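Chains as they are written, first to last, in the working numbering: chain A, 1 to 499; chain B, 500 to 990; chain C, 991 to 1091.
None of these hints come from the bench; they were simulated from the model.
Since we're looking at a predicted model, the values are computed, not measured.
It is possible that some hints are incorrect.
A few chain A positions that, by computed beta-carbon distances, are all more than 12 Å from chain C [to be verified]:
(1) Glu44
(2) Thr47
(3) Asp118
(4) Val126
(5) Lys141
(6) Thr289
(7) Thr359
(8) Gly402
(9) Gly421
(10) Asp457
Here are the simulated EDC-like pairs of lysine to aspartate or glutamate, each with C-alpha atoms no more than 20 Å apart in a straight line [claimed, not checked]:
(11) A/Lys141 to A/Asp114
(12) A/Lys65 to C/Glu1055
(13) A/Lys141 to C/Asp1073
Just so it is clear, CB atoms sit at the ideal spot from N, CA and C, and this is done for glycine as well.
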Amino acid sequence: MTTTLPAYDDVVARYEPVIGLETHVELGTNTKMFCGCPTDFGGEPNTRVCPVCLGLPGSLPVANKAAIEATIRIGLALNCSIAEWCRFARKNYFYPDMPKNFQISQYDEPLCVDGYLDVEVNGETVRIGIERVHLEEDTGKTLHVGGATGRIHGATESLVDYNRAGIPLVEIVTRPIPGTAALAPEVARAYVTELRDVIRSLGVSDVRMEEGSLRCDVNTSLNRPGEEWGTRTETKNVNSLRSVERAVRSEMLRQASVLDAGGRITQETRHFHEDTGDTTPGRSKETATDYRYFPEPDLVPLAPDVAWVTELKAALPELPRLHRRRLQREWGLSDLDMQSVLNAGAVELIEATVAAGATPAAARKWWLGELSRRANEAGIELADVGATPSQVAELQGLVDAGKLNDKLARVVLEGVVAGEGSPTEIMANRNLEVVSDTGALTAAVDEAIAANPDVADKVRSGKVAAAGALVGAVMKTTRGQADAKTVRELILERLGVKG
Amino acid sequence: MTDLTRMTASELAGLVAAGDASAVEVTQAHLDRIAAVDGRINAFLHVDTDGALAAARAVDERRAAGDGLGPLAGVPVAVKDVLTTRGVPTTVGSRILEGWRPPYDATIVERLRAAGTVMLGKTNMDEFAMGSSTEYSAYGPTRNPWDTDRIPGGSGGGSAAALAAYEAPLSIGSDTGGSIRQPGAVTGTVGAKPTYGGTSRYGLVAFSSSLDTPGPCARTVLDAALLHQVIGGHDPRDSTSIPAPVPDVVAAARLGASGDLTGVKLGVVKEFTGEGAEPGVTAAFREAVDTLTKLGAEIVEVSCPHFRYALPAYYLIAPSECSSNLARFDGVRFGLRVGDDGNRSLEEVMSLTREAGFGPEVKRRIMIGTYALSSGYYDAYYGQAQKVRTLITRDFTAAFTQVDALISPTTPFVAFPLGARTSDPYQMYLADLYTIPTNLYGGPGISVPCGLSEGLPVGLQVMAPTMADDRMYRVAAALESAVGTFTPPAL
Amino acid sequence: MAAISREEVAHLARLSRLAVTEEELDTFAGQLDVILQSVAQVGEVAAADIPPTSHSVPLTNVLREDVVVPGLTPQEALSGAPDAEEQRFRVPRILDEDVAS
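Looking at chain A on its own, in the form it has when it is part of the complex (with noise of 0.2 Å):
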């Protein structure tokens, strides 16, 4: 099934899109959603169990407390109102990771509505509403034993483990986002990656792409300019903030082929695939069950009173977008310079480094420059480069005592990013230190002097800029080792020139 995919700018000048994202955050509370087991990550399966999250006849619910607070607290960082009274409700149907074959959930009654999170995109703020944020359940894990890399198709069994049965889950639900145009991937992108920034402040979840405590789920639909809104389409296992740009791009693609050839969108789930950056359908929504929702009976309903909301909401920390904005007033930066770090991803990189003893200017070269550069190399974020902030700071106080040079200390974070160690130690191991003991470096420049008869004439002649040959030479018999203006005055010096 090879179809030629139109080209983008062609896409984006007929086709407007509209996107949409329904996110999922694991919380890191202590114990699960509706009992008291613990809810770390990994551990040897159903270890993590008990009557209540495996469903056992009899058993009941009680909600924790930590995860509403957390769930409300998400809800006002973003701007919701807070319902004064929402209940529970019963999600009904059949799947064995569902350990009582419905999910405790919320259907009409979310515990918060109508908010907005201001995300920037090239500079521009774009807001995006939303919808509801709520709480339910997460499932369990299913292995699927027989078939193909572990895939459900073709396999001949499934083993089920409960451990993650139950651990709090907040559903955040965004508003169609129209009028994005060629934007919209990356409008997709930045507002993950603040709703990420946003719920890692309140220090509520570790939001992990990779490990799923943080999961995407991106709606697309194109429609003609003018035109009503198309069939959306909803995908699926987007699993990295790189994923949701491409799924969102990938997927415009994709529709605008089917609409360029007269098709229609199927109202459906696809799945992103992030080897080949291809999406494939998944479940037709519409022959999507009946959920059968109804309010769950066995917990009684929530009512937040003021008090606890206004309480929860004096408590919030200072929120990612005004954080930014007080660091970039604290480092002295141009809106433009700013940009380039959030481009980057180096802000908490940054402000990590300064803390931990750099100017702001030193931290930013650094992880602007030779990290980035790095990072892009490999494909990788910045923040897995793998240089710690504490190490970029030690290395630029070795530079700033004299200790290295640029090029030395660009040496030792080579040594630093491949795992050799603390700056201090690849200095010393790799014996890279500046040499600053004048009298060798003298017997150095003498030595050059005296192997370079005529270029040394020269320099007592007056052509002083004939002198940088004689400290490339010095600077090669010192292994790069010395400071190449030490090393210029010193040869002035010896020829009796004045510099």
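Chain A is already provided as a structure; the job is to place chains B and C on it using the hints.
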């Protein structure tokens, strides 16, 4: 020595406390009685002989050591098979849980153990507590000790019959639409449905979560109150448990036993007299009303216009909740699995398991509930039923501004012959006509024997406001003091 | 007129994961029809402005502190399982179209 099985729980507790009988003797007497008669009654699905004797020995040891004993220490209790019992089979009267030994105790079972009562075993019931005759048990019907060709009521027929057959002095039931009170009425025993939230549902295998209420069954009102006191009270593991102390039901039962109801105003539910009930039931009820008047109660007639919609509302709400509650019986984590031949898919195996594991009444209710919750029907069925529930609650609230408690017959008919109503499910549903409104409202209700009709027991129901359980005990105990208890013919 | 058809009963049985027999379909269709026609009486009540009751207890905000409570051992957890493997619950193959959410 007097036959220990003929004594009341409070008498037995007194004997044990005084050292006049050991808990082991009391327990053995009941185990012997079960061995002698239960072949004809089938009240028990499982008799835990070893566990019971061990618990009895522990009580005797505590007494010998001079430790204080609770008010029911050493008294045997039969537990409806709807409550989980750690390591002891729990079937809910269904094939789908055959052989399941739960890894945990229900809160009520924990409290029974902590109080030093002796659990004899698990009693028979309509499958998943759905029924009014115990004929829907997968393990054969329980028979009424008054006439073994007749039903003992349901769903808790086993718990009621065990009392009437002197196999146990106390038992635990659960009441979703009348499953404690109606069996009490047709076996001539006492059955109390506490205020919803007054007794913990943790470990009660759910049928209809918003209605299910576990409660005490006994042969006397005082015994029921003593058991109520032991099992009742707040449980943090049940979100719907009321965080307040149990009303002093024991004191109320003792007060009522004095036979004085002066100053008590009782309302006869107009809608529940007249047509619908058998003439013998109506006659016995009328006579009981006269007795209550003689005891000093003021009787007025009260209209509760929406009670007539209670039955249809109940048969939408209960099946809806049941369709969801019973979804977990899928042969994955516990219980029966059928048809797993290595080739069939999970969906097929699940469907074959549920088909084989559930009986016809359970299947009917699951399908009714699935229908009533479907998006196209929700508003007309489940949603409307919940509104009717509000109106029924308003009827109760209005009535309780006029009277202290409401009274009615417990059930429209005396114990009917086995098989008489199984072919027409809706005829079976009518057995709960008078008990269902209380469940929809959430208040307490008690059935106390009030007379006989053609030699079979008739029960009178007292309904009280929520968390005023003590009131119903007072009225029931007063009536009991006047009419006495009822003993079935020897088996 | 019947409130429910045999086909609808078959659909409900499938939704409910009940592999009912043909004979059962005939019996249930008749019985469910009687029951549904009877319970439809709730529709006679004028209740447009009446709030529904989902819970009879007047409680709100019943919450639990976020404190770990000991649960079951894997042996206890799996003790009732019809089939287990590698300390997990074993189930037959799952059809693709079963995948939900």
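The hints, checked one at a time:
no., hint, result
1, Glu44, "violated, 7 Å"
2, Thr47, "violated, 6 Å"
3, Asp118, "holds, 30 Å"
4, Val126, "holds, 29 Å"
5, Lys141, "violated, 9 Å"
6, Thr289, "violated, 7 Å"
7, Thr359, "holds, 42 Å"
8, Gly402, "holds, 52 Å"
9, Gly421, "holds, 38 Å"
10, Asp457, "holds, 82 Å"
11, A/Lys141 to A/Asp114, "violated, 32 Å"
12, A/Lys65 to C/Glu1055, "holds, 6 Å"
13, A/Lys141 to C/Asp1073, "holds, 17 Å"
When held up to the earlier numbered hints, the structure conflicts with 1, 2, 5, 6 and 11 and fits the remainder.
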